[in-house]
Amino acid sequence: MSQPNPYTRREFLRGGLIMASAAATLPAFLNASALAMHRAFGGLSSVPGVPDERILVVVQLSGGNDGLNTVVPYGYQEYYRARPGIGIPEKDVLKLAGAEGVGLHPQLRPLMEMYDEGLVGVVQGVGYPNPNRSHFKSMDIWQTADTSATGDGWLGKYFDSECVGFGKGESGTAEAPAGGPAGIAIGRSAPLAMQGRKVMPVSFESVDLFRWAGQDIHESLREPYDALNRREAGEGQAARANSNAAFLMRTSLDAQVSSDMIRKAVANRPTTQFPQTDLGRQLAMVASMIRAGLRTRVYYVNHGGFDTHAGQGGANGRHGQLLNQLAASLKAFYTELKAQGNDTRVMTMSFSEFGRRVGQNQSGGTDHGTAAPMFLVGPMIRRGVIGDHPSMRDLDSGDLKYTIDFRSVYAGILDSWLRAPSKDVLEGDYRPLPVLAQKA
Amino acid sequence: MAQPAVSTKPVKASPVNPEDRIENSLRPVRKGDWSYEHARHLLWRAGFGGDESQVRWLAEIGAEKAVDALLNVERVPSEAVKAEQFDASIMSPPNEEERQMARRAQQMQDEDTLARIRLERQRREREDRLQMNEVQKWWLRRLIETPRPLEEKMTLFWHGLLATSFRTIENSYHMFVQNQLFRKHALGSYAELLTGLIRDPAMLAYLDNNDSRRNKPNENLAREIMELFSLGIGNYTEEDIKQGARALTGYTFEDDEFRFQKNNHDTGTKTILGQTGTWTGDDFVRIILDQQACAKFITRKLYSYFVADVPPDERGGDKDLEPAQRTVLRNLADAFRGGRYEVKPLLRRLFLSEHFYEPRFRNDQIKSPAMLVVGSVRSLRTPVRDLSILNDAMDLMGQKLFYPPSVKGWDGGRSWINTSTYFVRQNVLAFLIAGKKPQGYDATADSQPYDALALLGPYPKDSGVGRREPEAVAEALLRLTLGWAPQTPKTTLVEYAASQEGVIDNRTVTGMLLLITTMPEYQLC
Chain A
457 MSQPNPYTRR EFLRGGLIMA SAAATLPAFL NASALAMHRA FGGLSSVPGV
507 PDERILVVVQ LSGGNDGLNT VVPYGYQEYY RARPGIGIPE KDVLKLAGAE
557 GVGLHPQLRP LMEMYDEGLV GVVQGVGYPN PNRSHFKSMD IWQTADTSAT
607 GDGWLGKYFD SECVGFGKGE SGTAEAPAGG PAGIAIGRSA PLAMQGRKVM
657 PVSFESVDLF RWAGQDIHES LREPYDALNR REAGEGQAAR ANSNAAFLMR
707 TSLDAQVSSD MIRKAVANRP TTQFPQTDLG RQLAMVASMI RAGLRTRVYY
757 VNHGGFDTHA GQGGANGRHG QLLNQLAASL KAFYTELKAQ GNDTRVMTMS
807 FSEFGRRVGQ NQSGGTDHGT AAPMFLVGPM IRRGVIGDHP SMRDLDSGDL
857 KYTIDFRSVY AGILDSWLRA PSKDVLEGDY RPLPVLAQKA
Chain B
5 MAQPAVSTKP VKASPVNPED RIENSLRPVR KGDWSYEHAR HLLWRAGFGG
55 DESQVRWLAE IGAEKAVDAL LNVERVPSEA VKAEQFDASI MSPPNEEERQ
105 MARRAQQMQD EDTLARIRLE RQRREREDRL QMNEVQKWWL RRLIETPRPL
155 EEKMTLFWHG LLATSFRTIE NSYHMFVQNQ LFRKHALGSY AELLTGLIRD
205 PAMLAYLDNN DSRRNKPNEN LAREIMELFS LGIGNYTEED IKQGARALTG
255 YTFEDDEFRF QKNNHDTGTK TILGQTGTWT GDDFVRIILD QQACAKFITR
305 KLYSYFVADV PPDERGGDKD LEPAQRTVLR NLADAFRGGR YEVKPLLRRL
355 FLSEHFYEPR FRNDQIKSPA MLVVGSVRSL RTPVRDLSIL NDAMDLMGQK
405 LFYPPSVKGW DGGRSWINTS TYFVRQNVLA FLIAGKKPQG YDATADSQPY
455 DALALLGPYP KDSGVGRREP EAVAEALLRL TLGWAPQTPK TTLVEYAASQ
505 EGVIDNRTVT GMLLLITTMP EYQLC
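Residue numbers (the numbering used here), protein chains in the order written: chain A, 457 to 896; chain B, 5 to 529.
I should point out that these hints are in silico values taken from the structure, not numbers from a laboratory.
In silico BS3-like cross-links for lysine-lysine, where the CA-CA straight-line distance does not exceed 30 Å:
| # | chain 1 | residue 1 | chain 2 | residue 2 |
| --- | --- | --- | --- | --- |
| 1 | B | K69 | B | K188 |
| 2 | B | K86 | B | K188 |
| 3 | A | K593 | B | K220 |
| 4 | B | K323 | A | K593 |
| 5 | B | K412 | A | K593 |
| 6 | B | K220 | A | K857 |
| 7 | A | K720 | B | K440 |
DEER-style ranges, computed between Cβ atoms:
| # | chain 1 | residue 1 | chain 2 | residue 2 | range |
| --- | --- | --- | --- | --- | --- |
| 8 | A | G607 | B | P327 | 18 to 28 Å |
| 9 | B | E243 | A | E546 | 37 to 47 Å |
| 10 | A | E534 | B | N268 | 29 to 39 Å |
| 11 | B | K220 | A | G884 | 32 to 42 Å |
| 12 | B | R418 | A | G884 | 20 to 30 Å |
The structure presented is a predicted model; accordingly, all values stated were derived computationally and were not measured. Idealized CB from N, CA, C, for every residue including glycine.
Just need the whole structure built from these sequences, with the hints factored in.
Structure below.
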């Protein structure tokens, strides 16, 4: 585990400060295109041999989204037999063009509209061998791309790999970019998926809390505060690279730099109306940061509440509401991105730690299951339904058998969208799923 | 084998006599080695830290007395918790009359009555959420003010390990009752605690055991007990969970009381972890406690809480640990199981060991949000200020009391820290020290005065601190807050004092504390 090189960290710091001050004096820049903006920041435009500013947004559906009531196999009688109370009646299902017997939950109408515009890919029956039904374990498996659920996060490994596109630091390690952290998670803490070794993700719940309020007490505190919180080397325990003290020193420095940039970005709200929901708020912030031209590669948002053991409802009800929040937020997000001229740069992927059992339980809900669909969104996406719906007859003790390994989806995104060698990042060969439309 | 120098009362009959298993790694700290630094380390790890006079006192009385002063909580008078402190009736289930009325209204499609019932339910839910806030405030105040810090610290440990969230069960009184269960067994027997847990209404509701039926057992409680509360993944099978769930059928509650519903209990034969019989939930717990893996699992959790982060024990192995820690953990686990899962002797052994005080462990544990808030008030002697604001800050720092994020509790360690929580940590200290309210509250500052100069009281008048020399004051404040005085920050503080014309008054010392508490090192203890 190598320490970030102090010299490059200092450069990083300067880059951040330049950006903040430029932004303060050049309000017009905020509406400029991303590319023009990077030039404004002292030649930080695309690095030779490095892909353009392509972005991945991950939407995590926490709790285990019921895949069978998301992409509904209305053409199968087994579905209705297993779900007498919560099955979605065929008349309500939004039929997917080009797919036999499957369609979307009626509350996903905004997503259906995007599907009809060719902005959505539905990957069916995604899972992994020997599925684990523990929320935590299965979530860790998805986030590490490893069925033992150990090791670094898959996006963290991507950040760490030399293909991040931010160039290498002096010591040959991948370095956080001037112009924004490699990964930003909206939430209390960065997910395991983004935890790597060299590049630290940034996370925050709300930007108002993303600065030290003490500096408002007296201005004489500002300079010593900066001196104490922008130190690059520590004494005592912090001199040991793997100590908690060293970890805190790095976090402290990152916090200062990120605060300057991100608060600036989010202060400028989108022109599109986003749903007044938690997910809507999160995606609105992401849209602002994309518009501000942060060079962040991956944004991560969370949509919780999918652990529907009881009273999940059918065409209406709790699960339907969650799906509607998802679809409406994604719709607003892409409307905004298109208005910005950024939609072609942004791919969105949704996933959940597992789907749910085929049969409903006694409480009008569903218990932890296995394979489920993923959504891929964006104009670059291979539109339509990808893969076959898992068999409704050939079950594994009441659970669906997966048809596509989730790591094939990751591999497809890494290889073709992020242009990072998936074999290295995922430490294995997972037959990359073609996720892009032919022209891309 | 080295002779143990720790004197403990003879343990009860046990498979392994712990006295025979002590190795050098758990050798007691030598009398001559006991120092101010040792005392400070103990006070922060076995409690929530303290001010200069408390550390000096522990340093003076020596290791054994210092450890016992913290451990023997029953000798310290403390305010009893009263059951009637909070309203038990807010979320009581409807009585027979109310149920009949609801049924009739349903049949008659009496929309007015139905709407009234719905409104009444919403009103109660609102009231209960408010009561939950009060319970939160009550506990946070208790954490701050308790004369028995280790009792509260262990109560918090059990809350994090045997996690239940109000968000799911929506019953503040049950959360309060569970908190008493954890406090009752704080330093007692884990075996008794686990037995109490399968009778605890909050836990039974949280993990759906009240919905478990003889012919359709719900596996949630059995699974989480094995996975997260006692054994850890790899030490049981899916079949053990299924059988365990059958054993737990019928364990439920009515209103606030545990009920064993005989007719809902599966009386058939079950095989759990190799033992076959017509087991009940209590047998399920007993069988778990028979496993060495259980002692190892809990010991690791305690070690991570008090000494240093160790990765979760999966598959029961410990090859990932360095040899010294491996020996320590094995010995502690043997003694724990042999000593019938009594927590106090285990902690006594640990707190008296040389291992516990190794320099590499000192000032390198990341404070939990509770440690940060409670420890700051206790050691800096700031006003408590507004408990609601402190609770909100705890939430943003990732540790909302009574709302652990999941049944897994809080991950702790580095997971407390990210760039976002980092600012909240700095800002809650600005609030405690200067009364500066965080963003989102009314702009007026909390006006309770803070006497920062009092921290310099214990120093003699003829010392540098007594003479108010900036460098000596900076050094003393750093030692108080961090346990040591790193050079570069000390220089920064002296420069800051110079910018205040070198006058060491309450305002300058307050400024110095505002600065120190933003430092990365302040997040550690």
